[in-house]
Amino acid sequence: MRGRRLRGALYAATAVLFALHQDVWLAKDSRLVAGLPVGLAYHVGYCVAAAVLMALLVRFAWPRGVDGEGGGGR
Amino acid sequence: MTLAIIGLYLALVLSIGGLSSRLLRATGEDYFLATRTIGPFILLMSLFGTHMTAFSLLGASGEAYNRGVGVFALMASSSALVVPLVFLLVGVRLWEVGRRHGYLTQAQYFRERFESDGLGLALFAVLTALVVPYLLIGVMGGGIALSQITAGQVPEWVGGLAICTVVLIYVTSGGLRGTAWANTFQTLVFMILGAAAFFVIVADLGGLAAAMAQVREAAPQLLVRAGQVTEAKLLSYTLIPLSVGMFPHIFMHWLTARSASAFRLPIVAYPLCVAAVWLPSVLLGVMGRAQIPGLQGPAANGVLVQMIQMHAPEVLAGLLAAGVFAAVMSSLDSQTLSLGTMFTQDIVRHYGFRDRMGEAAQVRAGRLFVVGILALAFILSLVTQRSIFRLGVWSFSGFAALFPLVVAALYWRRATRAGVLASLLTSAVLWIVLFARSAPGADESLAGTGIMPVAALVAASTAALVGVSLVTRPPRPETLARFFPAGAAR
Chain A
1 MRGRRLRGAL
11 YAATAVLFAL
21 HQDVWLAKDS
31 RLVAGLPVGL
41 AYHVGYCVAA
51 AVLMALLVRF
61 AWPRGVDGEG
71 GGGR
Chain B
1 MTLAIIGLYL
11 ALVLSIGGLS
21 SRLLRATGED
31 YFLATRTIGP
41 FILLMSLFGT
51 HMTAFSLLGA
61 SGEAYNRGVG
71 VFALMASSSA
81 LVVPLVFLLV
91 GVRLWEVGRR
101 HGYLTQAQYF
111 RERFESDGLG
121 LALFAVLTAL
131 VVPYLLIGVM
141 GGGIALSQIT
151 AGQVPEWVGG
161 LAICTVVLIY
171 VTSGGLRGTA
181 WANTFQTLVF
191 MILGAAAFFV
201 IVADLGGLAA
211 AMAQVREAAP
221 QLLVRAGQVT
231 EAKLLSYTLI
241 PLSVGMFPHI
251 FMHWLTARSA
261 SAFRLPIVAY
271 PLCVAAVWLP
281 SVLLGVMGRA
291 QIPGLQGPAA
301 NGVLVQMIQM
311 HAPEVLAGLL
321 AAGVFAAVMS
331 SLDSQTLSLG
341 TMFTQDIVRH
351 YGFRDRMGEA
361 AQVRAGRLFV
371 VGILALAFIL
381 SLVTQRSIFR
391 LGVWSFSGFA
401 ALFPLVVAAL
411 YWRRATRAGV
421 LASLLTSAVL
431 WIVLFARSAP
441 GADESLAGTG
451 IMPVAALVAA
461 STAALVGVSL
471 VTRPPRPETL
481 ARFFPAGAAR
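In the order they appear, the protein sequences are chains A and B.
First residue of the first sequence? That's 1 in our numbering, and the numbers climb one at a time after it.
First residue of the second sequence? That's 1 in our numbering, and the numbers climb one at a time after it.
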């Protein structure tokens with residue numbers, strides 16, 4: 001039950017991260033952050049956030065029934 | 001000096017292919033799938049190297065030269081989320097299906113999943129046709145890199161021809177194991193040299209702050225997304241990375257994994273690798289606008305190489321040109337091998353030529369097919385007037401339109417043969433119509449709305465798949481039992 005809730009929460013977080021890709025609030029902002037235009041810095045941070053989310057998905061929401069080792073074939 | 005470095009690099013890649021061919025086990029499965037023994041790191045490098053191509057270096061910098069930093073959001077950060085999700089939800093399951101049933105190609109899976117020979121043949125034709133523009137951008141990238149780094153002394157066609165020849169040699173000798181090794185080496189080369197290029201060029205420009213100040217002076221509009229990339233365009237571009245779910249070469253690399261858990265590292269590391277490659281490309285493209293103003297149309301494809309030439313010492317310029325070659329060849333090799341595999345498995349063997357042809361003749365037929373496709377891409381590279389970025393987007397849009405097919409095959413029991421065929425046909429016809437109506441250099445969105453053709457393609461493909469499936473006879477229970485075994489949750 002707890003596992004299912006966690007899985008659901010992670011997929012909800014994925015949807016939120018997808019929505020956050022649309023950075024309307026930064027579209028006209030030309031300030032520099034860490035030497036980069038703020039919109040670009042935001043999307044670099046977005047990539048880092050995606051990596052963190054993927055680490056959580058891989059750990060807690062791995063596809064069910066797919067754990068087998070390789071070596072098979074025709 | 002530059003040419004000598006590039007020549008040495010090409011020889012090195014050939015020797016890696018040759019070395020792996022000595023270790024090749026004399027079985028078809030080792031040639032086509034490296035006996036499904038590839039571990040996490042090589043899988044990450046070969047998947048990433050295969051996915052990144054001239055599009056990510058020359059295309060991204062050329063597009064950033066024209067449209068600014070918003071290009072990173074258009075393709076890189078959306079891919080950072082969507083691509084690893086596709087690996088997790090589609091790639092891992094396809095690996096499992098491929099292992100269980102012994103598939104080597106997508107057509108084999110779809111043919112058996114939907115019990116239709118015609119579907120397998122149609123899928124082979126559509127996938128092959130869509131790979132051609134993808135090959136084309138690699139051949140163009142190689143030509144541009146070599147021509148510009150030698151200040152036009154070497155014509156573009158020589159670089160394209162050199163890349164095609166080297167790839168053909170090491171792919172045919174080393175199979176997928178050789179391709180995976182060469183990909184790993186080349187991915188490391190272009191990631192390390194890309195970072196080196198960035199730091200050397202930025203240092204030569206007086207540091208990041210000075211370089212950005214020059215851009216603010218020359219083209220301040222490139223530092224913001226507004227005015228360059230609309231909200232509709234940004235949103236519809238997020239559909240393009242779905243293409244990775246139907247790339248034949250990515251499918252082939254998925255199947256090489258030695259276990260499902262080998263996917264964990266590629267899934268987690270992919271977003272970071274994307275940022276590491278695209279950030280320097282986009283920034284150098286934007287900075288190039290201040291350094292080399294006035295590049296028009298496809299000429300912007302060469303801005304990265306011109307920046308290298310202007311701001312890096314000759315030895316490094318040669319190495320960096322080799323890095324561009326590495327990015328191009330690490331995709332071209334897998335695409336080439338996947339086409340050869342598809343032709344051998346889906347046409348030669350499936351349609352009974354195996355009874356009339358010996359093993360060697362079958363392999364020769366596969367190689368001849370690949371030579372023919374590469375020759376076609378090479379000829380097209382001599383005449384095309386489109387930017388690398390936009391050609392890539394058209395190719396990816398076509399593959400993205402096929403994404404609903406693989407999702408339905410894996411997750412939707414009610415999907416029918418007729419539904420999948422209708423979806424495939426709809427995607428192919430609509431892609432041809434939209435591509436034929438688009439003009440090089442013009443706004444590629446639908447009727448100037450900012451909505452990219454990929455949105456229409458995915459919507460039409462999904463509608464055809466769902467609509468026709470619901471009004472046609474469901475698949476047989478025995479078929480479903482093969483692909484949705486009891487206890488396997490979806």
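If you're looking for bench data, these hints aren't it; they were derived computationally from the structure.
Keep in mind that the hints are not guaranteed to be accurate.
What the hints assert, rightly or not - Now the stretches of chain A that chain B is said to cover, found in silico as 3 or more residues with beta-carbon under 8 Å:
#1 11 to 24
#2 34 to 41
#3 46 to 53
As the list claims (entries may be wrong) - For each label pair, taking beta carbons as the anchor points, the in silico distance ranges come out as:
#4 Leu10/A x Pro485/B: 19 to 29 Å
#5 Asp117/B x Gly45/A: 15 to 25 Å
#6 Arg216/B x Ala19/A: 25 to 35 Å
#7 Asp67/A x Leu272/B: 46 to 56 Å
#8 Ala49/A x Tyr411/B: 19 to 29 Å
#9 Ala218/B x Ala49/A: 57 to 67 Å
#10 Leu19/B x Tyr11/A: 39 to 49 Å
#11 Phe18/A x Thr449/B: 15 to 25 Å
#12 Trp25/A x Ile192/B: 32 to 42 Å
#13 Gly358/B x Ala19/A: 21 to 31 Å
#14 Val52/A x Ala447/B: 38 to 48 Å
#15 Val371/B x Trp25/A: 45 to 55 Å
All C-beta atoms, glycine included, are put in the ideal place defined by N, C-alpha and C.
Now the hints, each set against the structure:
{"no.": "1", "hint": "11 to 24", "verdict": "holds (count 7)"}
{"no.": "2", "hint": "34 to 41", "verdict": "holds (count 5)"}
{"no.": "3", "hint": "46 to 53", "verdict": "holds (count 6)"}
{"no.": "4", "hint": "Leu10/A x Pro485/B: 19 to 29 Å", "verdict": "26 Å, holds"}
{"no.": "5", "hint": "Asp117/B x Gly45/A: 15 to 25 Å", "verdict": "49 Å, violated"}
{"no.": "6", "hint": "Arg216/B x Ala19/A: 25 to 35 Å", "verdict": "30 Å, holds"}
{"no.": "7", "hint": "Asp67/A x Leu272/B: 46 to 56 Å", "verdict": "26 Å, violated"}
{"no.": "8", "hint": "Ala49/A x Tyr411/B: 19 to 29 Å", "verdict": "26 Å, holds"}
{"no.": "9", "hint": "Ala218/B x Ala49/A: 57 to 67 Å", "verdict": "32 Å, violated"}
{"no.": "10", "hint": "Leu19/B x Tyr11/A: 39 to 49 Å", "verdict": "44 Å, holds"}
{"no.": "11", "hint": "Phe18/A x Thr449/B: 15 to 25 Å", "verdict": "21 Å, holds"}
{"no.": "12", "hint": "Trp25/A x Ile192/B: 32 to 42 Å", "verdict": "35 Å, holds"}
{"no.": "13", "hint": "Gly358/B x Ala19/A: 21 to 31 Å", "verdict": "57 Å, violated"}
{"no.": "14", "hint": "Val52/A x Ala447/B: 38 to 48 Å", "verdict": "39 Å, holds"}
{"no.": "15", "hint": "Val371/B x Trp25/A: 45 to 55 Å", "verdict": "52 Å, holds"}
In summary, the structure is inconsistent with hints 5, 7, 9 and 13 from the numbered list given earlier, while agreeing with the others.
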